[in-house]
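Participant: Input sequences plus hints: build the corresponding full structure.
Residue numbers (this note's numbering), protein chains in the order written: chain A, 91 to 204; chain B, 1166 to 1276.
I should point out that these hints are in silico values taken from the structure, not numbers from a laboratory. Treat the hints with caution; some may be incorrect.
[Stated by the list, open to error] DSSO-like, lysine-lysine: derived pairs with alpha carbons at most 27 Å apart: (1) A:K147 / A:K101; (2) B:K1207 / A:K101; (3) A:K104 / B:K1207; (4) B:K1236 / A:K147; (5) B:K1233 / B:K1223; (6) A:K147 / B:K1207.
[Stated by the list, open to error] From the derived model, a few chain A residues whose C-beta atoms are all more than 12 Å from chain B: (7) I102; (8) K104; (9) T166; (10) Q170; (11) S177; (12) T192.
[Stated by the list, open to error] Facing chain A, from chain B, some residues (calculated, C-beta under 7 Å): (13) R1208; (14) P1209; (15) A1228; (16) F1254; (17) G1262; (18) K1263; (19) F1266; (20) A1268; (21) G1269.
None of the values given here were measured: they were computed from a predicted structure. Yeah, the Cβ is synthetic: ideal placement off N, Cα and C, and Gly gets one too.
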Amino acid sequence: DTGVSQDPRHKITKRGQNVTFRCDPISEHNRLYWYRQTLGQGPEFLTYFQNEAQLEKSRLLSDRFSAERPKGSFSTLEIQRTEQGDSAMYLCASSRTGAKDTIYFGEGSWLTVV
Amino acid sequence: GENVEQHPSTLSVQEGDSAVIKCTYSDSASNYFPWYKQELGKRPQLIIDIRSNVGEKKDQRIAVTLNKTAKHFSLHITETQPEDSAVYFCAAGDSWGKLQFGAGTQVVVTP
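Facilitator: Following this line, the structure appears as structure tokens:
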């Protein structure tokens, strides 16, 4: 399967710990997006990259969140000092540049903060 | 600000009937309107999308309509089947691909 892959799929962590999620986009996709989805809600935009450049960050992305895409390929999303409110599914998506390109989602990384 | 409203939040239909989900958006810069189907614990999967230069698009039992003047777009599923049961999300996107999602519609198709 050459779709968007995310790792880990599930993470349980204690409040105050740091967690990092990785996303590998579809190859040749130069746009990469991070979304967060809580139960019963639609995905909410967090941030996105065009190649290695982070172009926009949502207000939802507090100072405890940081995302990188160092070589324009895979991306990481780190959450520092996790809080219970961070419990959610973190979705990564990718697309090619262009107004007509479809956005494909990964399976998501479930985070539970206890 | 950007906002996508989706109705209804739940929709129960009998197998073989049609289902219609409606969305409105507020950002005039939106030019891409995808619809995603999400089963419990799974990724959102694109089922159909429409661009702002098109008013209607159909793919087998699924059709989407767009009224850019009124900022409305709708999903129509005909001849529903039990496997159509899922949560459906509409979204409005800009030229960068940033999507604003609706809150979702839980569709239940009863045999």
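Participant: Work down the list of hints and note, for each, if the structure agrees.
Facilitator: Checked hints:
no.: 1; hint: A:K147 / A:K101; in the structure: holds (24 Å)
no.: 2; hint: B:K1207 / A:K101; in the structure: holds (16 Å)
no.: 3; hint: A:K104 / B:K1207; in the structure: holds (24 Å)
no.: 4; hint: B:K1236 / A:K147; in the structure: holds (25 Å)
no.: 5; hint: B:K1233 / B:K1223; in the structure: holds (17 Å)
no.: 6; hint: A:K147 / B:K1207; in the structure: holds (25 Å)
no.: 7; hint: I102; in the structure: holds (15 Å)
no.: 8; hint: K104; in the structure: holds (23 Å)
no.: 9; hint: T166; in the structure: holds (19 Å)
no.: 10; hint: Q170; in the structure: holds (24 Å)
no.: 11; hint: S177; in the structure: holds (15 Å)
no.: 12; hint: T192; in the structure: violated (6 Å)
no.: 13; hint: R1208; in the structure: holds (5 Å)
no.: 14; hint: P1209; in the structure: holds (5 Å)
no.: 15; hint: A1228; in the structure: violated (18 Å)
no.: 16; hint: F1254; in the structure: holds (5 Å)
no.: 17; hint: G1262; in the structure: holds (5 Å)
no.: 18; hint: K1263; in the structure: holds (6 Å)
no.: 19; hint: F1266; in the structure: holds (3 Å)
no.: 20; hint: A1268; in the structure: holds (5 Å)
no.: 21; hint: G1269; in the structure: holds (5 Å)
Violated hints, listed in ascending order, are 12 and 15; each of the other numbered hints is respected by the structure.
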